[in-house]
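Trainee: The residues making up each chain are set out below.
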Amino acid sequence: MALDRWIALIFIAFCCIYGYLAYFTMDDLLPPFMQRNPVWPSTFPKVLTVLGIVVGLVVLLGLEKPSGDEQPSATDINYRRLHEYKLGQALMLLALMVLYALALRPAGFLISTTVFLIGGSAILGERKWYVMLPVAMIATGFVWYLVQQVLGIFLRPYPFFMGT
Amino acid sequence: MLEGIMIGLSAAFSIQNLLMVVAGCLVGTFIGMLPGLGPMSIIAIMIPVAITLGDPTAALILLAGVYYGAIFGGSTSSILLNAPGVAGTVATSFDGYPMARKGQAGKALTIAAVASFSGGTIGAILLMIFAPALSSVALLFHSAEYFALMVVGLSAIAAFAGTGQVAKALMMTILGLILATVGEGALFNMPRFTLGIMDLQSGISFITLAMAMFALPEALFLVLNPARGASGAEGGANKITGLRFSRAEARAMAPVIGRQSIQGFFIGVLPGAGATIASFLGYAVERNIAKGADQAEFGKGSVKGLAAPETANNAACTGSFVPLLTLGIPGSGTTAILLGALIALNVTPGPRLMTDTPEIFWAVIISMFIGNLVLLILNLPLIPYIAKILSIPRNYLIPFILFFTMMGAYIGQNNATELLILVGLGVMATIFRFADYPLAPLLIGFILGTMLENNFARSMQLYRGLDFIVERPMTLGLLVLALLLVLLPSYRARRARKRAEGVADGD
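Listed in order, the protein sequences are those of chains A and B. Start counting the first sequence at 264; every next residue gets the next number (the working numbering). Start counting the second sequence at 641; every next residue gets the next number (the working numbering).
Excised from the complex, chain B in its bound form:
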């Protein structure tokens, strides 16, 4: 292993590969900031460039740099505009955007940069240690467990929605799952719920829904109530210089970063889970661990709430390289595209990669460290300029937000009907916001819906029925956990109310 690391070091520190890391991170960050272009599409766009390089090590380093950069860039638009361009950064906007509205945009971006850096670096260290061993653990998870894991994830999101909101959050989750069934599923090859409309055949695109749920209502609210925008923009303009976080905040963040790097990495290792689930689960877990005032702060601009998903999604990105490099099985859409690029370069990832071409394996891991460092150095000085976006006058900012929202929905599909769907869903989301329904569960339900159904269907087919629930103890355990998560808050609330009533009667 030590020998491999030395080979990797010498390969990664060649001038060409260093340039590749820097170039990849730069391109990734800037394109990732545009809502609508996620890591998957950016990597797909960069593949022709990577293949013309000819050198698989350099190509993989470039693409990995693009991947990190894109995730980081995506968090920028989540924080500043509440327009998450990537599923993995949706959770970042929960606390990042409130922070930016409080006029702490600079601080939020700094925290995001530091958390990403730590998550990525710790993830890379774990990758070095665990890559060989983890591949065997990942194989133990079957579709039944994935199904159960996703049910746990969905109920955790609803359960942590806050008191009095659990039923509403569940309702939104189910609506998200329903929206995910529109279109032609991979498993059945027949269009469902398209109402005969051709444009619905491919389903509702994730980007369109994300834009409609977050960016569009936010822009409309800015229009409806100018006071809302004024407080944020003025505060932002004044305090953009405040990039640093205090020592107390650093102390609050450190354990979160530690926990979430490890948790995020291991979730990332599981094929199919990836950065999205890692960030949501990281957020939910930290919110549940936090106590009292700390917990109430979540969703209103909590430092912990921002650091948790940012750390987790970067750690998970690193983790998702484990199944790719050790088994040749891509765990996510992004790594699937990377796999395609590798095969085009005549490299077959799999168990033999480490022994046959150790320089590729180790160079990629070493370049992850360099990539994270480059991202940090690149982004910290740029933050004041990026945060200035918020001080643009609203007469210009709002049309541009709307325009980028629509561009995001349009360039993914090249279909103008998508824009009409966007406006329709956006109006719906605005009404939901008025009625105080949480929208994040809807989007999460939508993202996980397809995976949930596929894994459910696969386990049903394997076991010819629902037997998998009883026959696989891990599945049963996870499902029971999910049920407890949903029922616990209402039980707790009832007990608290009973106690309060008892006191009132006693008086």
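Pulled out of the complex, with its shape left as it was, chain A reads as follows:
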């Protein structure tokens, strides 16, 4: 089974869970006065569940024939060649992003962003530390100045133990 059909199967399962929540759990919470409304908070999700399962089945069963003139080009992305790709780098970058998300508040914007930018280039194979360090630090400082001082959106610059 091709990847797109697996996704359709997962989508149908997802719709079933979504539909379960919409059909069986939401209406109990509705206050009595709202039950006199012709449209409930669960109405639209119920319609979507049905539509989603129908369309998902169409994809899963392949009722719509593909056009057939698919020729994957060399630069286009193709999951069958996944093992040839630099999967490790991509996963490490994703992990770095998660780390950044978790560190942003406690470590402050300046430190976490500088580390993120340097770490990102290092993962991609950059080794010129004398370029990476100043680039990351200047970019971080500039973005912080723009966002905090010019636009007035608060970003905590320093780690939590150094005050806000």
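No false leads were mixed into what you were given.
Each computed DSBU-like pair below joins lysine-lysine, with the alpha-carbon atoms no more than 30 Å apart:
(1) B:K1028 to B:K742
(2) B:K931 to B:K1138
(3) A:K391 to A:K349
(4) B:K940 to B:K1028
(5) B:K742 to B:K940
(6) B:K931 to B:K742
(7) B:K742 to A:K349
(8) B:K1028 to A:K391
(9) B:K940 to A:K349
(10) B:K1028 to A:K349
Simulated DEER-style distance windows between Cβ atoms:
(11) B:N829 to A:V361: 30 to 38 Å
(12) A:A358 to B:P895: 48 to 56 Å
(13) A:Y286 to B:T1057: 26 to 34 Å
To spell it out: a stretch of chain A is covered by chain B in this simulated footprint if at least three of its residues, at any positions, have a beta carbon under 8 Å from a beta carbon of chain B; those stretches are:
(14) 268-278
(15) 313-325
(16) 352-359
(17) 368-380
I should point out that these hints are in silico values taken from the structure, not numbers from a laboratory. The beta carbon of each residue, even a glycine, is placed where N, CA and C say it ideally should be.
Place chain B on chain A using the hints.
Mentor: Below, chain B without anything else, positioned relative to chain A:
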């Protein structure tokens, strides 16, 4: 009217107001380039500045300049990084980004600038002519028609996804609609599908989803397959000087610009529709009109495909001023913020604005012309420098794209959980891309989902049930059109296949 135009001309050409236009466009363009800050947030940020000016004419001119600049700046990041910061420029990235990857970034930006300029200017002319008359037409559209119009829009997007892709596109649209139901809707005041997680209470933010659908998978692909990045970056570095488009391309673009200025403007007039729907619908319509090789080019870097949404969204921005200035009803989030600013300045927009304070009304319209001109003059010389972004080495470019993606999601909400949602949705989007699912319908479904449900619920309440479908002929007509749009491609494909089989049997 002529007298009003003269008053407006003299007001708009005062030194102070000219400065305001230039300043507004500059600020708008540069902030608009940052993904994550759309026109709405930029205008909101600029309101304190505008109010301290004290002069309502100058303030409105400044804010209108910011609005245009932001839309234009947003198209820059769509074209160069595939990171649309504004819903209205999502359609721009469909053809703009492939063009940039082919090494025609300069040309793409020039086309965007010219198309925006034409759309904005033609829109302003239409605004002058139609403003009074159009306000009465806009009132004829009720929530039932809006609901039907959005259904048409969604099915048009799916129907034009290409052969063999309609079901997949519909599936993505429905997933987008499902994601839009997460959080607390305005209509019901009760959290839905939050799974008890506090951070989902306000729903998934549009910016986060846009970043996750477009920018993040693109950056990941650049990492996975370095060959992909190399071809684009090298070509980009070589051909950045190629800013001009050929005469043949200009000839191909001209009718598109003409049609889309008018269509975009009228869609913009409808409250609630605005630049986003105008650009998607413009793209879909032009793709459907185009024939043969021209149509196949769409999505791969078509000149028409880039010009259509760019023209339409600028024309729609102008159009969205009609209900604001003539009825005092804001048609979009952005004009709602403008309305707030105007009230703070002691001006009440509405039918009496044109008679009571004609100088404000006309000065704003005249300054739209000036603003569009300023944007063109400002941006054309800057394009080679902007396009240079693509020649930055990938070891630096990719971390920065990821960083700006996350900043965009973060500063809107100031919530680090948003970043985790971003990474999760981004991985999901990457898998979808691997399986050849189109992602644009998902985002469009998400954007229109809330509006769709609200209008649906409102018409259900007004008619105490589904009667509005039969009682309003326009609604029924639009819904039938939507159904035809979805079924037509598969019918056509089946007929073509039957014919092909028949020929094969005959041999």
